[in-house]
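Chemist: Turn these sequences into a full structure, and let the hints steer you where they fit.
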Amino acid sequence: MELRNINTFLHIAELHSFSSAARELGYSQSAVSAQISQLETELGTPLFDRVGKTVRLTDAGQTFQSYARTLLITAQQAKAALVPARAVSGTLRVALADSVCSTFLPDLLQQFHALCPQVELVLRTATADEMLQWLSSNEVDLAYTLDQPILQPNLVLVNVPEPVCFVAPAGHPLADKAEVPLDVLAQQEFLLTERGMSYRDALDQRLAARGLSIHPYIELGSASLLCQMVERGMGLSFLPEYIVRPALSAGRIARLNVPDCTVTMHRQLFYHKDKWLTPQMKAFIELVNQ
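Residues in the sequence shown are numbered from 1207 upward in steps of one, following the working numbering.
Hints were generated in silico from the structure; no laboratory data involved. Some hints here could point you the wrong way.
Stated by the list, open to error - No more than 30 Å apart at the CA atoms, straight line, and that leaves these computed lysine-lysine pairs for DSSO-like:
| no. | residue 1 | residue 2 |
| --- | --- | --- |
| 1 | Lys1259 | Lys1383 |
| 2 | Lys1488 | Lys1285 |
| 3 | Lys1285 | Lys1479 |
These figures come from a predicted structure and were not determined experimentally.
Modeler: See below:
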């Protein structure tokens, strides 16, 4: 059983898409399909239901998912055990956007600690402007953000497009509409992230260009909490697709088609061009690149 195939399985399970997993991993879609086919043959059972464009874990796939994570972590721990303890130690300071924390951070931190158990991680949430300032003043080693493509003399190590979408509670009157005009949307009750966050600013700019505005009755920094509030029927929101994907797949919320307002942010990892790459920085970068 190849670890590469297990890693591909976990990406598909998270993204609910063979093509999205292929793009993120840098494989062709046929290579991803072949890896999963080989894994299913070895396990003797289908891991995914493929109905139209929908990809969902089978019962066997859900059972295997936790074992797959354990297998990858164990492999990383075995690799770390063969590295002299003094080789990877010290501190790693990372600034992060809140919107990447809830989705990508838990697995990333678990894998990093397995690989570098003696490294102290110092994490700080920040806006993109704060991150760039901290990189310039050497207050952090790495910055992991969701924003428009940032053109700075810092090296972009990861640049993954991430669509942002309008979502509504599953039973909302707009949930069944083929298209929703922007002026109709602006009349709804909204829960939004705080001003100054990248995709909130992008939304406000597009609304202003049409002479419109949205005045949310709740502003909150946590995208994952906003998603939960939408699930409870408290209003509409505008959130990164990867945040709301599990709730969309489960049918707890609905994605609205708003052709007049399409926004794509970019998940990006930076370090300053003059910064010496420490072993712990290299380890973190390699994990993000996976």
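Chemist: Each hint: holds or not?
Modeler: Against the structure, the hints:
1. Lys1259 with Lys1383: 20 Å, holds
2. Lys1488 with Lys1285: Holds, at about 15 Å.
3. Lys1285 with Lys1479: 29 Å, holds
Hint compliance for this structure: every hint is met.
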